[in-house]
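Undergrad: Residues per chain, in single letters:
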Amino acid sequence: MAAVKFEQAMARLEAIVGELENGDLPLDESLKIFEEGIRLSKNCLKVLEEAERKVEVLVQDKNGKKQLRAFSLDDDDVDAASLES
Amino acid sequence: MSNLRAPASGHLYCTLKDESSQIRAVLFRTTGTRLRFALEDGLHVVARGRVTVYEPRGEYQIILDYVEPKGRGALQVAFEQLRTRLAEEGLFDEERKRPLPELPRTVGLVTSLSGAVIRDMLTVLHRRCPTLHIIIVPVQVQGEGSAEQIAAAIQLLSESGWVEVMIVGRGGGSLEDLWSFNEEVVVRAIAASRVPVVSAVGHETDVTLADFAADLRAPTPSAAAEAVAPVLAQIVSRLAELSARLQQVIGRRMEEERQRLRLSTHRIAAVRVRVQEEMQRVDATVFEMTAAVRLVLQAGQSRLVRAEQGLMSGSPDSRVRHGLAVVPQLVARLHHGVRGGMLSRVQRIESCLAHLHALSPLATLRRGYSVLQRIPTGLVVRAVDEVRVGEDLQARLVDGRLLCAVKAVIRDASV
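Quick note, the sequences are listed as chains A and B, same order. Residues 1 to 85 in my numbering are what the first sequence lists, from first letter to last. Residues 1001 to 1415 in my numbering are what the second sequence lists, from first letter to last.
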């Protein structure tokens, strides 16, 4: 969901910069979309900054309940361990 | 294989024949479900079974317990049959393919936890996008029940809403090893997924039905990871570039507008001066026009007055009155004229006489002048050249005449 919004925001930002660079818009319109562009670029930056590196694996506990667990590549035996826990 | 019939019982009936012979064949349901491919009329098969007699008709028949397509492997036939069927259903249509998200924050992996594949994919994903959130659903990728596991994992990821895109795949292997990715359940699960699916099965040369159904077919698991994960650094720099351009363009625009405003202000000032000038000119013109109109008016008025006067004086009434006034004047002038005329005539006679008297040679002679005349003509001599020496002339004085002889002619040099 956030990614869709991010892409839309980037696309809109791109369109705004293009439109402003064309210079066809009246000044008040330009200022309006400029402010929108600033808002979008801040939001996009925030999305990028907030993104978090995480690797999870879906495991099934004894009761057959599925849940996500942190996963590490260093954990060589993770396959069996996770599935059994 | 010909004359194939499949009644509701699930058993299959057909006739096996070659150029010279034929025999009825039965494939019971339990055996039939174990076949990887579907039987078809016209299929060349190698079959094994028991020969029995179907007593009601008194015919030999063969009860099949193994059937294999002749020439091609059973798996290959099954592959082609399923591909045709699912393609006819539209599962592999190009229009179904969805674009991958540009910047996914979460990626699902449906694969085995053992082996190098998972390691390669994680490495590539995080190298390109260090902030990626990855959710792995571990599955068996080959063997009994693996297709069902794979399909369930795809469905789970699709429905969980955890991920924006998923990679379904495994490393290289034999056709048998990769077979789960040709199974209908897997293909349908991929086609039904709510998020885009990237397939990455085996090596580049391995093609599975999962590949046909996927939104993107990657030649290898590493390539799938590359296709899914954007290079974060590029996105960050693109965002930075867009922000910079945004600031730049608005700055430039503001400077342009300021310039335009300055220019407009100058032009307005110039216009104001011109307006003032024009106002002056208008005023002057109005003055001139007023004066001119006044002149015309005055001229018209005086012409009117004159015309009125003319009209008045020309009226018969005034002319009669004028005429009546003139009569006594004329009478008076007549009297005066007669009287005056007489008087002036007497005066004129007197003055003529006086004039005459003044011009009379007698008066001149009285003043001491004399007149020299020729004899006998009496012509007056006016110049010395008219006479010669010795000639006789007479000189008239006031009281008589002298007879003279010319002794010399002396010309006056000054005349």
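None of these hints come from the bench; they were simulated from the model. Careful: at least some of the hints might be erroneous.
Here are the simulated distance ranges between beta carbons [claimed, not checked]:
{"hint": "1", "chain 1": "A", "residue 1": "D24", "chain 2": "B", "residue 2": "L1263", "range": "39 to 47 Å"}
{"hint": "2", "chain 1": "A", "residue 1": "D24", "chain 2": "B", "residue 2": "E1094", "range": "35 to 43 Å"}
{"hint": "3", "chain 1": "A", "residue 1": "E14", "chain 2": "B", "residue 2": "E1094", "range": "24 to 32 Å"}
{"hint": "4", "chain 1": "B", "residue 1": "S1264", "chain 2": "A", "residue 2": "R12", "range": "27 to 35 Å"}
All C-beta atoms in this analysis are idealised placements derived from N, C-alpha and C, irrespective of residue type, glycine included.
Undergrad: Give me the numbers of the hints this structure contradicts, sorted from smallest to largest.
TA: Hint check: 1 fails alone, others pass.
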